[in-house]
Each structure stands twice: as C-alpha cells, then as structure tokens.
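Engineer: First to last, the protein sequences are chains A and B. With the working numbering, letter number 43 in the first sequence gets 43, and the count goes up by one each step, no holes. With the working numbering, letter number 212 in the second sequence gets 212, and the count goes up by one each step, no holes.
Hints in this document: simulated from the structure, not taken from any laboratory. Note that CB positions come from ideal geometry on N, CA and C, so glycine has one too. Any given hint could be a false lead.
Stated by the list, open to error - Pulled from the structure, derived: some chain A residues nowhere near chain B, Cβ distances all over 10 Å:
| hint | residue |
| --- | --- |
| 1 | 24 |
| 2 | 112 |
| 3 | 142 |
| 4 | 143 |
| 5 | 360 |
| 6 | 392 |
| 7 | 551 |
| 8 | 560 |
Unchecked claim - Label-pair distances were calculated between CB atoms; the ranges are:
| hint | chain 1 | residue 1 | chain 2 | residue 2 | range |
| --- | --- | --- | --- | --- | --- |
| 9 | A | 193 | B | 82 | 35 to 43 Å |
| 10 | A | 282 | B | 82 | 52 to 60 Å |
| 11 | B | 275 | A | 425 | 29 to 37 Å |
| 12 | B | 178 | A | 27 | 40 to 48 Å |
What the hints assert, rightly or not - Chain B regions said to be covered by chain A (calculated; three or more residues, Cβ under 8 Å):
| hint | region |
| --- | --- |
| 13 | 14-28 |
| 14 | 227-234 |
| 15 | 262-271 |
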Amino acid sequence: MRMRDLAGVAAAGIGLAAVPFFGLPAFYESFLYLVFHWIVLAVSWNILSGYSGYFSFGHGAFFGAGMYTTATLATKAGVPFLWTLPAAALVAAVFGVALGAVVFRLPRLRGELFALLTLAVTFVLATVVLNTPIDGGPGLYLSAVPLPAIGPSPSSTFYLLGLALALTTLWIAREIQRSRLGTGLFAIHDDEDVAEVLGVPTYRYKLAAFGLSCGLAGIAGGIQAMFISYVTVGETFSIAVPLNVVLMSVLGGSRHWFGPAVGAAAVTALLYAFTAGDYAVAGRAAVGLILILVILFLPEGIFGELIGALKRRRASVTPAVDASDLPAPSAAGPGKPENRPLLEARGLSKAFRGVQALAGVDLEVRRGEILGLVGPNGSGKSTLINVVSGHFRPDSGRILFEGSDLAALEAHCIARSGIARTYQIPRPFAHLSVLENVALPAMFGRDAQARPDAEREARRWLAFTGLAGKAMSLPGELNLHQRKFLELARALASRPNLLLLDEVFSGLTHAEIDDAIRLIREIRARGATIVFVEHVIRAVMELTDRVVVLSYGRVIAEGDPRAVMREPDVVTAYLGKPRA
Amino acid sequence: MALPSLTLLGQSLLSGLFIGALYGLLGLGLSLSWGMLRQINLAHFALAFLGAYLTYQLASVGMDPLATLALIVPFFFSLGALMHWLLARFSVSAFNSLLVSFGLTAIIEALIQWIWTADFRRMESGYGEVKFRVGSLYVALPELFTLAMALALSLLVWAWLRHTYAGKAMRAIAEDAPIAAAFGVDVRGLSLLLSGLCSAFAGVAGLCLALSYTLAPGQIYAWLGVVFAAVMLGGLGRPLGPLVAGIVIGVSEALTMAFTAPAWAPLVSFSLLIVVLLVRPGRI
Numbered sequence: 001m002r003m004r005d006l007a008g009v010a011a012a013g014i015g016l017a018a019v020p021f022f023g024l025p026a027f028y029e030s031f032l033y034l035v036f037h038w039i040v041l042a043v044s045w046n047i048l049s050g051y052s053g054y055f056s057f058g059h060g061a062f063f064g065a066g067m068y069t070t071a072t073l074a075t076k077a078g079v080p081f082l083w084t085l086p087a088a089a090l091v092a093a094v095f096g097v098a099l100g101a102v103v104f105r106l107p108r109l110r111g112e113l114f115a116l117l118t119l120a121v122t123f124v125l126a127t128v129v130l131n132t133p134i135d136g137g138p139g140l141y142l143s144a145v146p147l148p149a150i151g152p153s154p155s156s157t158f159y160l161l162g163l164a165l166a167l168t169t170l171w172i173a174r175e176i177q178r179s180r181l182g183t184g185l186f187a188i189h190d191d192e193d194v195a196e197v198l199g200v201p202t203y204r205y206k207l208a209a210f211g212l213s214c215g216l217a218g219i220a221g222g223i224q225a226m227f228i229s230y231v232t233v234g235e236t237f238s239i240a241v242p243l244n245v246v247l248m249s250v251l252g253g254s255r256h257w258f259g260p261a262v263g264a265a266a267v268t269a270l271l272y273a274f275t276a277g278d279y280a281v282a283g284r285a286a287v288g289l290i291l292i293l294v295i296l297f298l299p300e301g302i303f304g305e306l307i308g309a310l311k312r313r314r315a316s317v318t319p320a321v322d323a324s325d326l327p328a329p330s331a332a333g334p335g336k337p338e339n340r341p342l343l344e345a346r347g348l349s350k351a352f353r354g355v356q357a358l359a360g361v362d363l364e365v366r367r368g369e370i371l372g373l374v375g376p377n378g379s380g381k382s383t384l385i386n387v388v389s390g391h392f393r394p395d396s397g398r399i400l401f402e403g404s405d406l407a408a409l410e411a412h413c414i415a416r417s418g419i420a421r422t423y424q425i426p427r428p429f430a431h432l433s434v435l436e437n438v439a440l441p442a443m444f445g446r447d448a449q450a451r452p453d454a455e456r457e458a459r460r461w462l463a464f465t466g467l468a469g470k471a472m473s474l475p476g477e478l479n480l481h482q483r484k485f486l487e488l489a490r491a492l493a494s495r496p497n498l499l500l501l502d503e504v505f506s507g508l509t510h511a512e513i514d515d516a517i518r519l520i521r522e523i524r525a526r527g528a529t530i531v532f533v534e535h536v537i538r539a540v541m542e543l544t545d546r547v548v549v550l551s552y553g554r555v556i557a558e559g560d561p562r563a564v565m566r567e568p569d570v571v572t573a574y575l576g577k578p579r580a
Numbered sequence: 001m002a003l004p005s006l007t008l009l010g011q012s013l014l015s016g017l018f019i020g021a022l023y024g025l026l027g028l029g030l031s032l033s034w035g036m037l038r039q040i041n042l043a044h045f046a047l048a049f050l051g052a053y054l055t056y057q058l059a060s061v062g063m064d065p066l067a068t069l070a071l072i073v074p075f076f077f078s079l080g081a082l083m084h085w086l087l088a089r090f091s092v093s094a095f096n097s098l099l100v101s102f103g104l105t106a107i108i109e110a111l112i113q114w115i116w117t118a119d120f121r122r123m124e125s126g127y128g129e130v131k132f133r134v135g136s137l138y139v140a141l142p143e144l145f146t147l148a149m150a151l152a153l154s155l156l157v158w159a160w161l162r163h164t165y166a167g168k169a170m171r172a173i174a175e176d177a178p179i180a181a182a183f184g185v186d187v188r189g190l191s192l193l194l195s196g197l198c199s200a201f202a203g204v205a206g207l208c209l210a211l212s213y214t215l216a217p218g219q220i221y222a223w224l225g226v227v228f229a230a231v232m233l234g235g236l237g238r239p240l241g242p243l244v245a246g247i248v249i250g251v252s253e254a255l256t257m258a259f260t261a262p263a264w265a266p267l268v269s270f271s272l273l274i275v276v277l278l279v280r281p282g283r284i
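Chain B with its partners taken away, still in its complex shape (with noise of 0.2 Å):
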C-alpha cells in the first residue's frame, strides 16, 4: 500500500472537515427534538432533501441560492410546527414517533420521486465554482458556507440555550416536562418553537446539500446512517454535539478513504458508533 502524499492528505483531511460540518449541521435538529423532546425525527431527512430539492427549484427559476433561505426557513419552521402540533396531539411515544417519521419519509421520497423524478438532479449556481486556493490546497465556496452555518446554527443555540430565558425553561422542558410546565413554563409553545427551529435546520442542510452535491431520491437513507452516529457520538440534546462528533467522523472517513479503498468509509461511523454504543451506554 503506498502512502498518500502530504498534499493529498491535507486535502482529504479538509474535505473530512467540510462533510463533517454536514453531518453536523444534519444532526443539529435531529439531536435537539430527540434530546429535549423525545421525538426521532427520522423525517428529518427526508425534510432535508426537500429542501434541496426546493432551492434546486427556485435557482432553476433564477433566484440567488441563498436569497431561497428567505422562503425556505418559514416554510420549514411552520411544517416543523405542524408536525410537532400533530405528533403531541396524539401523544405519540417516542418509540412510535420514529415510526411515524418513518412513514412520512417514505411519502416524501415518493413525493420527491413523483415531482422530480428518479434521476440524479444538480443544481446550477454561480457558487458552485468558486474556489479558493490556501498553499496547495484547494477549498470550495459552498463547503466553506457549509462549515459557517453549521458553526453559526450550532453557537446560536448552545448559546440561546445556555443564556436566556427561554433557553433555561427549554432545559427543564427537557428534564421534565410535566414540572416545568407546573413551575410556568409554556411547555406547548416553546415545543412548537423548538420542532419549528429543528426542521428549519433540516431546510438550511437541505440548501448546503443542494449547493454541493448531486440529489437523488434514494440517496436519502445514505445520510442516515452516519448522521445518526454523529447525534448519538455526540450526546442528545446537546447543541454542540452533533457538529463535533460530525468533523471527528468525517476526518476519519476521509483518512480511511485516502489509506484504504474508499468503499471501506461507511464502516468508520457505524463502527464508532456501534462501540460507544457497547462501552459507554450512558452516554447516550
């Protein structure tokens, strides 16, 4: 086996970085509504590829990419609310919210495939070829906006989290919902707030994967496997977690792709995640 070289390295260890920071960023809702609410979101996925497939729409018709956050972000946050709206009122367990949500991924995958057909689709943009050179390494603009809003979302709300009011009563919702609520907490509307905020993350990942991957119906299930990794390495509910245990995953991915075949990477996070998941239980 011969060894990459330190170009070569530098270059798969940066772009582990940038696939970590979507994994991060994919994670973030998924962790914060299992975390704080006990809701699996395993739609959130599919949610996401929506929203690629939304802003592939909108840039088809001419607008700026990232002026669709604009539209995206409302539209998630109500549909998000919605969902958190219906799943309460039924007082799904959270064991049968991820059936629920297994069942909505399969209807809008069909919706994605019915609207948009089977074949791969990508998204023609200005960004796309943008490309910064750092000594000889090469960087890409939408990996770069990738990293920045999954930095940015993830402080925001580790920070709203930790440092307002209704950051704190969130918490305790998290600790106990039925106490919080007696202590005055609207438990009903910051849930709808935070499902909300979750499934705009899922709209705001949604436009990072349209900006720099080709979208395919199918390659929904594709993430899942990793992003769930990357949510439980990191701890529920944590607002930091996903995105660090996300940037760990995805550099040891890109180091196994660039010592091994590149066949071989799925194996990392399922592997890291399988052994935490034997070693430290309580963690998750």
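In isolation and in its complexed conformation, chain A is listed as follows (with noise of 0.2 Å):
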C-alpha cells in the first residue's frame, strides 16, 4: 500500500516535471505555479494549525520574513537566488520558533488568543521592517536578480521549483501525520493537558511543529520574492495570506494531510477565474461566502468529509481481537503487597492562591498494594492524583518513584518513568477513535511502542475492559459507563507500575460496579500497584489492603480499612463533631 502510494506520486511528480518541456504556454506554467504556491502555504500551516489546533493568523509574517530575506539578500549582498532559499526558510523558522518557545508556555494563550497574538505579531514585524534599513518604504526590485535557467524559460522555472517545493511539503505532511509527531499532535487538538499527561511532550512536538510550518512558508516566500520581482511590506504582510490559508484549509479539511491542497487548488483556480474576469472584487466575496457556508455546513471540510465517509464503510468490517496474550499474573501472586515503598511522598504541598489543597502531605504507597484515598469533598485526593502525575506542580516537598524525584519534572516524563492515571470525569479525545484513544499512551508511555505493536495492545486492553466491539468508534458514541472502562483502558495500554484511579465508581450501577471491582482485582493481580480516590464505600472495603484519609489537605488517618473506617477523626471528618 504505501509502497504503490510512493510509487504514484514519484511518478505523477516526474509527470508534472516534465511539462514544461513539452512547451506548455508560460500563462499555464504561471498559473500552475501559483497553485503550488498556495498549496506549499496552505499545507505548511496545516502542519501547526491543522494538526494541533493552534490556529495561526500570522502565517503572512512567516511567509513575509521568508521574502525579505531573500529580496535582502539577493539584492544588497548579491547572494544568488537559490541560495537565499534555505537562508530563508531558517530566517522563518528561527524566528517562529522563538515566537513559539514564549508563547507555548502559556497555557493560556490557545485558540482565539493564539490566532489573534499572531496576528499581532504579522504587524509588528510589518512596521519594523518598513521603518529600518530592511525596506525603508519604498520596497525592494529584484529585476536585475538573475534567475538560474533550470527550465526552459523563467516561467517554467518558477513552475518546477514551485512543484518541488510542493510535493516537498505534501511529504513532510504526510510523513508528520503518520508518526509519532502527528499522533502527538492530533492529541494536542483534542486535549492537551491529557495529552501531556499520557507522555506527549507537548511543548517539543509544538515546536517542532511550528519551526517546520513556518520554515516551508519562508521557502515559499523567498521564490515569491522573485516570482513577482518587487517587494512592499503592503503587500507582503497583508490580511490576504492568513485569509486565504485558513480558508483553504478549512475548504479542503484541515485533519488530513492532503485536504488543504485540494482546499488551495479549488481557492486559486477560483480567484483566478474572478481576476481574469475583472471580478477580482466579487472573488474576495465568493472566498468570504464560501468560507462561512463551508463552518456552516462542512466543518470537517471536503476532503475530510470525504475521508471520513470511506473511514465509517470500512469500520463495518472490525478485525479479530485476542485478548489472550495479556501479561501474565505476576509470579508474586495478587494480594501479598510487599512493604518496599513504589512511591513516597514527603511533605507535598499546594496551594490554590488562598486555599491550601495540600498541606504537608505525607505518604507511602508499597509496591503491589491497593491504596485507597479517601476524605470529604475538597480534601486534596484530586489535587495529589493531579500533583503526582505533574498536571501540577507542587510548592513544596518530594515525591519518590523507585527513588528519583518526580516534584520538578514535566508530566510527559512522570507518564514514561510508568504512572499513569485516569480521570474522574472522562477526557478521551473526540475526534480520534476508541482504538486511537487506547494506542497513544502505549506509544508514549514507559515502552514508546511503534504504531502497530501499540495498537495490538490497545485491542488487548480494549477486549479486557469490554469495549473491543467499539474499536472503530468515536468516544461520543460511547456510554458513561463505557467512557470510564475507556479511561482505564488508556492508562492500563502505557503497562503502568503505579495507576491513579480518580473515581472510577462514580455514576456506576450497582451491577457495573462489581464490573469494575472485578477488572481493578484483575490488573493488581497482573502485577500493578494501584492508588484510587473514591467514595463508593463498598468498592473501598471490598479492594483495599490499607486506606489513608484526608482532611483539608492533610492525612488524618491510615492502615486497614475496617479499622480506619471507625477512628472518631475520621467519623468527624465525614460526619462532623457529635453533640455531646
């Protein structure tokens, strides 16, 4: 398959390359040059913003920087034109991922406010290339440049070099969407502190994501440059670029790798059909039209209506799942917790600016053990599942997982030294499949499994929770009841030493319940150590070797179950003070 997929576009590659040579008239080539153009533009800024969901409105800044290296260079330090080309795409994307070693540290700045930053960003790097020696304002001819003959004429030279860079880019699309960086990416669209905490590094894969869009762009720039020969920051950081981008992408569907180049051809070929026309005006219109009916009315766009249309004929035909080579019970045996401490925490505190989640938590939890948290609400149980598996930070104290300090590491490393945790309210990522959901801790978790021995796990775990028949689906399709099988799923597929389950049994009945009390003696026995939050009393008593209770953020009591259960601090706890 991706062999005859290779073979077929090396050969259309080689097909369209040697057009020019067959005379084609230098109208055509210049046309088809522009839709390479703005299909390097449109699938570059998928590669960020499709992908990850960050929504970049500054694409025009990349692309702008991109074309005043080149017209800079070219024409002031008489650099000849193809080596301005990667002088370009490393200006662009320095200076995106400078951009984005800031911005990706806040986690506030996603969606509008990232769309709208880099738009900011677009004028600024506009005025300031208008008021130095950079441009100065009258902009800069590239007319005396000479253009190396790779074609038989200019035009058909802008025609190959821009096929080259668009098949270039369409391969590092592709090549991105079926790795791990695009995994982790499409993650980052859905959730991204889930992400994060199942072992996605998040702040690395953005990045890298950005450095690359917005260097392809800096390509495409630097041979815009001398495609149209004279350069103004008018022009060049205009509201055009961003427009056009997103609505390509929108148009042809911003999941898949190939979308926006079918969105880019479609725009161009109508644009072009208003200028030639002298319709340019009522062409900016139509590509404002199109671009609200197609939110309306196509949100997954054309191409990705398409995709998914074929995606759901061929999930009607689900493969065989075996869940029979699961690992094995651990020869210890279930039930015989050893007093070696997995994790001690030492002194963990917390605090919400005035309230003290956790004040000087002090904790062990052995090895093979099940450790059941519990306390009244806003005890702090959530906030030190959250604190231990790096959601948060804490202010102060250690955490020891078979002797290293978690306290000051990123989630994604706490997930791959073999944590992993579940949530009380479940957060799979919508729009990738149940499957999906299950193979991406396996892929990022403590083994970084490849793709296909990670989806082999995820059907084990699926067919081990009962949910093997759903593999194809999408979470929303799923019940409450099959979510939170789905959440255990996801951290059981990382094969966890330590698993944090917050409220499991929330929301249950009775019968799935003891589903689920089932499926928790199963793992243990499978040799995980297990820490569960939870306030269904009868799972606490029918699971736990020991139990620690908190109370406003510290531990008030711990040991057996039954006995813990009685202590007056904690009746007092639950219950408050008994009047004499």
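Assembling the complex is the task here: the two chains are given apart, and the hints tell you how they should meet.
Structural biologist: Okay, structure coming up:
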C-alpha cells in the first residue's frame, strides 16, 4: 500500500516535472506556479494549525520573513537566488521557534488568543521592516537578480521550483501525520493536558511543528519574492495570506495532510477565474461567502467529509480481537503487597491562591498493594493525583518514585517513568477513535512502542475492558460506563507500574460497579500497584489493602480499611462532630 | 533628537485622547459580544465602515450627519440581531465565529468597494470645520463628539449591566448561559438584544469615523489590530475597559509619534498587547 502510494506520487511528480519541456504556454505555467505556491502555504500552515488546533493568523509574517530574507540577500549582498532560499527557510523557522518558545509556555494562549497574537505579530513585523533599512518604505526590486535557468524559460523555472517545493511539503506533511509527531499533535488538538499526562512531549512537539511550518512558508516567500520581483510591506504582510490559507485548509479539510492542497487548488482557480474576468472584488466576496458556508455546513472540509465517509464504510469490517496474550499474572501472586515503597510523598504542599489544597502530605504506596485514598469533598484527593501525575507542580515537598524525585519533572516524563492515571470525568480525545485513544499511551508511555505494536496492545486492553466491539467508534458514541472503561483501558495500555484511579466508580450502577471491581482485582493480579480515590465505600472495603484518609489537605489516618473508617477523627471529618 | 515644544506636546496628548476614544467606541461592541456571548466578531470593523459609508451617502443627499443616527442605529441593530440568530442557529463555536466573521468582513469589504469604489471618500459637512480654542490648543467638534459618544455609551452600558434586572440577567448569561436559562432568564431574547446593541455601536462608531476620517475600503484592517489590543487590554466583556485601554493606547501612540517617527506608532499597541498577553494572560 505504502510502496504503491510512493510509486504513484513519484510518477505523478516526474510527469508534472516533464510538462514544461513539451512547450506549455507561459501563462499556464505561471498559473500552475501560483497553485503550487498556495499549496505550500496552506499545507505548511496545516502542519501546526490543522493538526494541533493552534490556528495561526500569522502565517503571513513567516512568509514575509522569507520574502524579505531572499530580497535582502539577493539585492544587497549579491547572494545567488537559490542560495537565499535555505536562508529564507532558516530565518522564518528561527523566528517561529523563538515566538513559540515564549508563547507555548503559556497554557492560556490557545484558540482565539493564539490566533490574534500571531496576527498582531504580523503587523509588528511589518512595522519593523517598514521603518528599518530592511525596506525603509520604497520596497525592494529584484528585477536585476539573475534567475538560474532550471527550465527552458523563466516561467517554467518558477513552475519547477514551485512543483518541487509543493511535493516536498506534501511529503513532509504526510510523513508527520503518520509519525509519532503527528499522533501527538492530533492529541494536542483534542486535549492538550491529557496528551501531556499520557506522555506526549507537547511543548517540544508544538515547537517542532511550528518551526517546520514556518520554514516551509519562508521558502515559499523566497520564491515568491523572485516571482513578483518587487517586494513591498503593504502587499507582503497583508491580511490576504492568513485569510486564504485558513480558508483553503478549512475548505479542503484540516485533519488530513492532503485536504489543504485540495482547498488551495480550488480557491486559487476560483480567485484566478474572477481576476481574469475583471471581477477581483467579487472573487474576494466569493471567498468570504464560501468560508462562511463551509464552516456552517461542512465543518470537516470537503476532503475531510470524503475520508470520513470512507472510514465509516471500512469500519464496519472489524478485525478479530484476542485478549489472550495479556501480561501473565506476576509470579509473586496477588494480594501479597511488599513493604518496600514504590512511591513516597514527603511534605507535599500545594496551594491555589488562598486555598491550601495539600498541607504537607506524607504518604507511601507499597509495591503491589491497592491503596484507597478517601476523605470528604475538597480534602485534596484529586489534587494529590494531579500533583503526582505532574498536572500541577507541588509548591514544596518531594515525590520519590522508585527512588527518583518526580516533583520537578514535566508530566510527560512522569508518564514515561511508569505512572498512569484516569480522570474522574472521562476525557477521551474526541476526534480519535477508541482504538487510537488507547494506542496513544502505548506509543508514548514507558515502552514507547511503534504504532502497529501499540495498536495490538490497545486491542488487548479493549478486549480486557469489554470495549473490543467499539474499537472503531468515536468516544462520543459511548455511554458513561463505557467511557469510564475507556479511561481505564487508556491508563492500562502504557503498562504502568503505578495506576492512579480517580473515582472510577462514581455514576455507575451496582452491576457496573461489580464489573469494575472484578477488573481492578485482575489488574492488580497482573502486577500493577494501584492508588484509588473513591467515595463508593463498598468498593473501598472490598478492594483496598490499606486506606489513607485526607482532610483539609492533611493525612488524618491510615491503615486497615475497617479499623480506619471507625476512627473518631475520620467519622468527624465525614459527618461533623457529634453533639455531646 | 529635538524635544517637541510644550504646545506640540499638549496637542499630541489631546489627539491621543481623542483617537483613544474612537478605539474605545469601536472596541465597546467587540468586547461585549466576545466577553458576554463568546462571539468574536471580526466583522465589527467592516460594519463600522459600512456605517461610515452609509452616513457619507446620506450626507451627500443632504441629510445632517447627526440625523442619520435615526436610520443607522435601527438598521445596524437589526443586522446584528440577524447575525446572532444565524450564529446561534448553527451553534457556531467562539473560534468558528472568528472565521465566519472573517468571511463576512471580506464580503462587506467587497460590497463597499463595489458600491463606492476603492477611491478615498471624504464626507463634506459643516461639523468638520468647527474648532474650539482652549489656551494655545485646538479641539475639533467631530473629535469632541466622538469622545462624548464613547463616554456616554460606555457609561450607559455599565449602568445597565450593573443596575437593571435585564443587565444583571445579561451578566448571568455571560457566566453560564444554560444555568441562567434554568433560572428563568430569557437567554435568547437578551442575547439578540445585546448583539443588536453591539452592532448598533459599530454603526455609531462608523458615523464618528465618517466625521473625522477619509474613507477607503482597505482601511477596514487598519483599525483591527489596535482595537483588538484595546479590547484585550481592557478585559473582555467590561463596558469601561475598551475606553480606558483605548485612551492609554492612544496617548502612548501620540507620545511615540511626537518623540520618534509617526510610522513607529503601530508598534505601541501591539507591543502593549503582546506584553499583557505574555505577562498577565489570566486577565483576558
């Protein structure tokens, strides 16, 4: 399948490259160059914005950075045109990575704020270029810069350059979509915090995608500078680039590497038809109208809807599943917790403004045990899970896991060291299938498996949790009970040493709770250590070896479940003081 | 670098104040619909320009520019309510509302260019010439009118949100629309009212634009960055925020122009915005 794909693409590429040598009129070559140009811009934009959902309105800034790099080097430093292109890519990429290095550190700057910030950056860059010797106002002429004769004529040279860059960009976008980077970016799109907790290095991935995206836009800018041969600030940093690029990707479908290319070809042809007929103004209005209609009626884009329909048809044929080769129960056997601690928390504190959620918690989790974490609402149980899994950093204290301190680690490193968690309210990746949801932690967890192995692993855990029949469904099609088990399967797929369960039983019926209790026993029998936060006292009594009771961020009791739940302090914490 | 004279400094502070008022007036509707209805209306600027061109057209057939408000306000109110109805009908998310209004901007821009061409247009009215002298400084009537309008509308909205039942209900909708609905608040009606008002404010801002500025379709985007900066600096959904932030930006721009070159002015608002986004992102 893959080889045939590649052979097809190569044949198409060679065929397209041969076109200018058969005497195509210059007019068509220039038009096709423009199509390639917009394909590069739209597909490169999509690598960050479509895959990860960080919509940038600043693609014009990076395109412009490339344009001015080539224009400046070629006119003022006399660098040969082709040599300016790598420089254009580098300048644009460095600019993007520098911006990303700051912006991606701030979790608030997502969605519309990221879009507006990148738009603002475009205008700032435009002002700087306009007011410094880079441009200074009159614009830069490249007409005297010699164009290397790659094709038989200047227009065919641009055609070939555009073609080469478009094919390269498409190839890069395709490889990214199929790689770990792409999987990570799609997870970031749906829920960035969960992706990080499951082991995706979100910060690095966003930077990498942004850098690549900007670099490709930079080269496109470099070629375009030579093509139009007169570069001005007003034309370069206009609203047209972000508007068109967003439209093309949304129209084509931004969840697939090929979608933006379809959109780019369609919009370019449309705009060209209007311009050729002297209706440039109507063309812009048409672009605006199409954007509105697509958002309202085709939210997945033309290509996205097509792929979706294909997938649904294919999904009806589900492959056979086997849960037979799950890891065997450990030799030690169940129910024999050792005394060596797996996890130790020492003096753990965390405050949210005025609220002291954790006030110096000391706790140890022994290898192989099931530890129940109980306490009234607001006592700090979920905060403790969030701190251990790296979602929050503790204000002070240490978390020792198998001897090393986790307190300063980023969440994805904690996931890789063998800790997995579930969320009280299930947080599946909404646009990924159930199978992809569960395969992701296997790809990014402790073993960092390749995709086919991860999917095999995922199928086993789906069978284990009784979701095998739902592998191809989207999480939205599951009921609460199934979504809770999906959370569980996702946590198990990374084969953690320590499993943190946050209220898996809440909202389930009695029969469903029985199911869940059986599953958790089995998980422990396979060698995992489990900490679970729970309000369902029956489950606590049936499952736990020990319980720890939290109240107001402190440990007030610990030990055998039956004994602890009778202690006066615990009763008071739950029910208040009895009137004497 | 020569220091500007005291008169020049005073005059530039004053012009900063007035342009800041226009930023605030343009930002008011934008901030309210973003902060309270979660609709980011990029087309607000295009609407304001449409208002400006309509004022220009009505004035050119002999209507008094201020009297055009009687037509502009109801027309834009209905337009805004219609737009909200459409966005609500398709339950468009905050982000997609940005894209939809991006498309709408392109359509309105093309419409303006089609009717009034891309040439610069300047409204001829008696008001433009009226100037007052305060000490050694001059104040033009259109600018004073803009400041008065911005102050009046911002304060009225503020008082409405704070002191009336409907205003309080509106704030409840901004917090959590489904819960507000569960407590008997007429979410649909009030949302339509607010988006109508926001759009009407764009019309009023358009009138002020036409009074003081030369119009061209391409100018729509010139205001976008600065006004968004004012809206975000002022805090979303706060009626007095855009005006205060707008004046801060206007005055800093004027000072930048006085001390360096005029072309550096756009850098001020964007730098302020970027700094605020980076240092205090929680504010927005």
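Engineer: Determine for every hint whether it applies to the structure shown.
Structural biologist: Evaluated hints:
With a cut of 10 Å on Cβ distances, residue 24 of chain A stays outside the contact zone with chain B, its closest approach being about 32 Å. With 10 Å as the threshold on Cβ separation, the claim that residue 112 of chain A sits away from chain B is violated: the shortest Cβ distance comes to roughly 6 Å. Distance check for residue 142 of chain A against chain B: the nearest CB is about 24 Å away, which clears 10 Å, and the non-interface claim stands. The Cβ of residue 143 of chain A sits about 26 Å from the closest Cβ of chain B, beyond the 10 Å cut-off, so the non-interface label holds.
Against chain B, the non-interface label of residue 360 of chain A holds: every CB pair exceeds 10 Å, the least being about 27 Å. No beta-carbon of chain B comes within 10 Å of the beta-carbon of residue 392 of chain A; the shortest separation is about 16 Å. No beta-carbon of chain B comes within 10 Å of the beta-carbon of residue 551 of chain A; the shortest separation is about 30 Å. No beta-carbon of chain B is positioned within 10 Å of the beta-carbon of residue 560 of chain A; the least distance is around 43 Å.
At roughly 38 Å, the beta-carbon separation of residue 193 of chain A and residue 82 of chain B lies within the given 35 to 43 Å, and the hint holds. About 23 Å separates the C-beta atoms of residue 282 of chain A and residue 82 of chain B, a value inconsistent with the hinted range of 52 to 60 Å. Evaluation of the 29 to 37 Å hint for residue 275 of chain B and residue 425 of chain A yields a pass: the beta carbon distance comes to about 36 Å. Take residue 178 of chain B and residue 27 of chain A: their Cβ atoms lie about 57 Å apart, and the range 40 to 48 Å is violated.
Coverage of the region 14-28 of chain B by chain A is violated in this model, with 0 residues showing a Cβ closer than 8 Å to a Cβ of that chain against a need of three. For the region 227-234 of chain B, the stated coverage by chain A is satisfied: 3 residues place a CB nearer than 8 Å to a CB of that chain, which reaches the threshold of 3. A count of 6 residues in the region 262-271 of chain B with a Cβ less than 8 Å from any Cβ of chain A is obtained; the coverage claim is therefore met, three being the minimum.
Hint violations for this structure: numbers 2, 10, 12, 13, all remaining hints satisfied.
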